[in-house]
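From first to last, the protein sequence lines stand for chains Y and F. For the first sequence, position 38 matches number 38 in the numbering used here, and the numbering has no gaps at all. For the second sequence, position 243 matches number 1243 in the numbering used here, and the numbering has no gaps at all.
Hint data in this document are derived by calculation from the structure and do not stem from the laboratory. It is possible that some hints are incorrect.
Unchecked claim - Interface residues of chain F toward chain Y, partial, derived using beta-carbon atoms under 10 Å: (1) L1055; (2) T1056; (3) T1057; (4) K1062; (5) H1065; (6) A1066; (7) Y1080; (8) N1082; (9) G1083; (10) P1084; (11) T1085; (12) E1095; (13) L1096; (14) H1102; (15) S1106.
Unchecked claim - Simulated coverage check for chain Y against chain F, where a stretch passes if three residues somewhere in it have a Cβ under 8 Å from a Cβ of chain F: (16) 37–43; (17) 101–111; (18) 191–198.
Source: prediction; values computed, not measured. Idealized CB from N, CA, C, for every residue including glycine.
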Amino acid sequence: MRRIPAYGVGIAGLVAAGIVTLLVVQLDVFRRTPLPYHDRFALNRMEEWSTYGGSWQIVDGAVSNNSDDAGSKMIAGVDSLTDYVMHADVSLTSSFGDTGVVVRVTSPESGTNAFNGYYVGIRLPDQLLLGKMDYGFRPLVRVRTAVAVRPNEWYHLSVTVKGCHLAALAYDAQGAQVAHGEWDDEDACDRHGAFGLRSFAAGGRWRNVSVEALR
Amino acid sequence: MKSSILQSSSVRTRAALRGLSTGLLLSAELVCFLAGLSACHSSQRPTTIALITPLTTSEVWKAMHAGVYRTTADAHLQRYWNGPTHEYDFDRQLELVEQQLHRGVSGIVLAPVHASALAPAVAQAAQAGVPIVVVANALATPGAPAVASVTSDDAAAGRMAADTIAERVGRQGTVAIVGLDPANSATLVRAEAFRARLLSNWPGLRVVLLSHVRERSPRLFNSGFDPAQYERVSAIFALNTSSAHEVLAQRNAEGGSFHTVIVACDQDQMLYDALRSRRLDVLIAEDAYRMGLVASQEVVEALRTHHALRSYILAPLLITPETIDAPDAQRFLKPYAGFDR
Chain Y
1 MRRIPAYGVG IAGLVAAGIV TLLVVQLDVF RRTPLPYHDR FALNRMEEWS TYGGSWQIVD
61 GAVSNNSDDA GSKMIAGVDS LTDYVMHADV SLTSSFGDTG VVVRVTSPES GTNAFNGYYV
121 GIRLPDQLLL GKMDYGFRPL VRVRTAVAVR PNEWYHLSVT VKGCHLAALA YDAQGAQVAH
181 GEWDDEDACD RHGAFGLRSF AAGGRWRNVS VEALR
Chain F
1001 MKSSILQSSS VRTRAALRGL STGLLLSAEL VCFLAGLSAC HSSQRPTTIA LITPLTTSEV
1061 WKAMHAGVYR TTADAHLQRY WNGPTHEYDF DRQLELVEQQ LHRGVSGIVL APVHASALAP
1121 AVAQAAQAGV PIVVVANALA TPGAPAVASV TSDDAAAGRM AADTIAERVG RQGTVAIVGL
1181 DPANSATLVR AEAFRARLLS NWPGLRVVLL SHVRERSPRL FNSGFDPAQY ERVSAIFALN
1241 TSSAHEVLAQ RNAEGGSFHT VIVACDQDQM LYDALRSRRL DVLIAEDAYR MGLVASQEVV
1301 EALRTHHALR SYILAPLLIT PETIDAPDAQ RFLKPYAGFD R
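My request is simple: use the sequences and hints to build the entire structure.
Written out as structure tokens, the structure reads:
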């Protein structure tokens, strides 16, 4: 009987372990965030989300944060997501602060600015805000909305990240575009990361959260 | 013969095991590479300086962060900045320091939210050989080894407040000191220096009211204390931002009718607005940017040369509505570009 040489066993071990690793990584990606993604708040489910501060619950098909923490967030997805477009209906539930979504999130933890990535939010009285988070906050673009931002009204945010380009559109509840902001990040841009919801010094509500990969 | 077969078998087994272990090691590298596990690269951990502040949202901490940012950017080091999302949450601050130590941070700049509650965390860092510099609020640790600190000259701030109130009120009058915080050494030092200055230089000015911060000691603040008393004194010395907000809110509630001189310490956007609209007469600001800069430079220097950490005391600046736009004042109030909240 022909014997398998020693180095052959090593190579086999390497190949087997590599395959297992790839499967684990891939399975983890598919288990946690198949893209396209759509929230399941209407089914009262949010187990794919991780919360960092705040007080989150699902009410009437929307997730709400009932805390006015200075920056709380809820993250889904994995670090490896790159170019995608995120949609969400958002609503501020207080008359102060701002509420929105985050994209290309890495290293999230509890704390006001405690993650790397980008934030797009609406702020009273009339602002669409694009900012970069790197355990600090840098406002990138501030755009005045065509109409005043009102508490407890729904706005639709559409945020696209492609390469180092960030683009955000805001629509009112009737579907009219109220603001548009863009930024080319030439300062060590974050090229990949998960997505999420964030509010700053305000309560907020989110629904119809979806994410699609861009080709 | 048997032994040679055994030996041969043993050699083959060892070789196979070596091959397998090499394979597994390479596989582990592959796992690390694919999964991006930081634990896999503990020996190549980058040098990270952590700044942990009581909050990350107010101007004073943003200014301090800008100082740390400058140091880390110049030295090509990693930076970590975090703090509780609610003021006075010392449990969260403790957790953040411990978390950073656990992660193997290289050095820490800590602005403690509580003068004694954070002392064990500072001792833990020192024991672990992690350089730590305390900023803004010196620790109250009698008997413990001295901890390096970079603080504002709070005694000078107290004296400045006494002198400017005397200038504005005259030699006779009554004064309230508000915002005394037993957990914040800066407020204690300011109040003490203020009273000493009045006694020595302005004996006609009497302190008739002393109140504690509401958030820290609600009972102390509320026990028989009526904010309407603010309008019955000639001047108010607010020892920190939250007490200044209380006073300004009371003035607003009264329709701005009382004309008490108000002097506040520390800085945030609301106080800048109050100063510009002359609802606040004087702001005594800390050089928070330099605090962050000097403290982080001290940490970096200690990492490079292993010298003992040194302490510094930085001069505060008195700012009025007339001087708020002067370069000196702006250097104190908005020393950062881009870090906006």
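How the hints compare with the structure:
The restraint placing L1055/F at the interface with chain Y holds, with a minimum CB-CB distance near 7 Å, inside the 10 Å limit. For T1056/F, the shortest C-beta to C-beta distance to chain Y is roughly 4 Å, which falls under 10 Å, so the interface hint holds. Hint on T1057/F holds. Least Cβ distance to chain Y is approximately 5 Å, under the 10 Å limit. Hint status for K1062/F relative to chain Y: holds, with the closest Cβ pair at about 8 Å, below 10 Å.
With 10 Å as the threshold, the beta carbon of H1065/F comes within range of chain Y, its nearest partner Cβ sitting at about 6 Å, so the hint holds. Because the smallest distance between the Cβ of A1066/F and any Cβ of chain Y comes to about 9 Å, under 10 Å, the interface hint for this residue holds. For Y1080/F, the interface hint holds, the least distance from its beta-carbon to any beta-carbon of chain Y being 6 Å, beneath 10 Å. For N1082/F, the suggested interface contact is upheld, since its CB lies about 4 Å from the closest CB of chain Y, less than 10 Å.
Contact between G1083/F and chain Y, as hinted, is supported at the beta carbon level, the nearest pair being about 7 Å apart and thus within 10 Å. This hint holds: P1084/F has a C-beta 8 Å from the nearest C-beta of chain Y, less than the 10 Å allowed. The beta carbon of T1085/F comes within 4 Å of a beta carbon in chain Y, closer than 10 Å, and the hint placing it at the interface holds. Annotation: interface hint on E1095/F holds; nearest CB of chain Y at approximately 9 Å, less than 10 Å.
With a cut of 10 Å, the hint placing L1096/F at the interface with chain Y holds, because the nearest CB-to-CB distance is about 8 Å. Residue-level restraint check for H1102/F is violated (minimum Cβ-Cβ distance to chain Y is 13 Å; threshold 10 Å). With its C-beta approaching chain Y no nearer than about 15 Å, S1106/F sits outside the 10 Å limit, and its interface hint is violated. With 0 residues having a Cβ less than 8 Å from any Cβ of chain F, the segment 37–43 of chain Y misses the three-residue criterion, and the hint is violated.
Residue count for the segment 101–111 of chain Y with a Cβ under 8 Å from a Cβ of chain F: 3. That meets the three needed, and the coverage hint holds. Three residues within the 8 Å Cβ limit are the bar, and the segment 191–198 of chain Y against chain F gives 0, so the coverage statement is violated.
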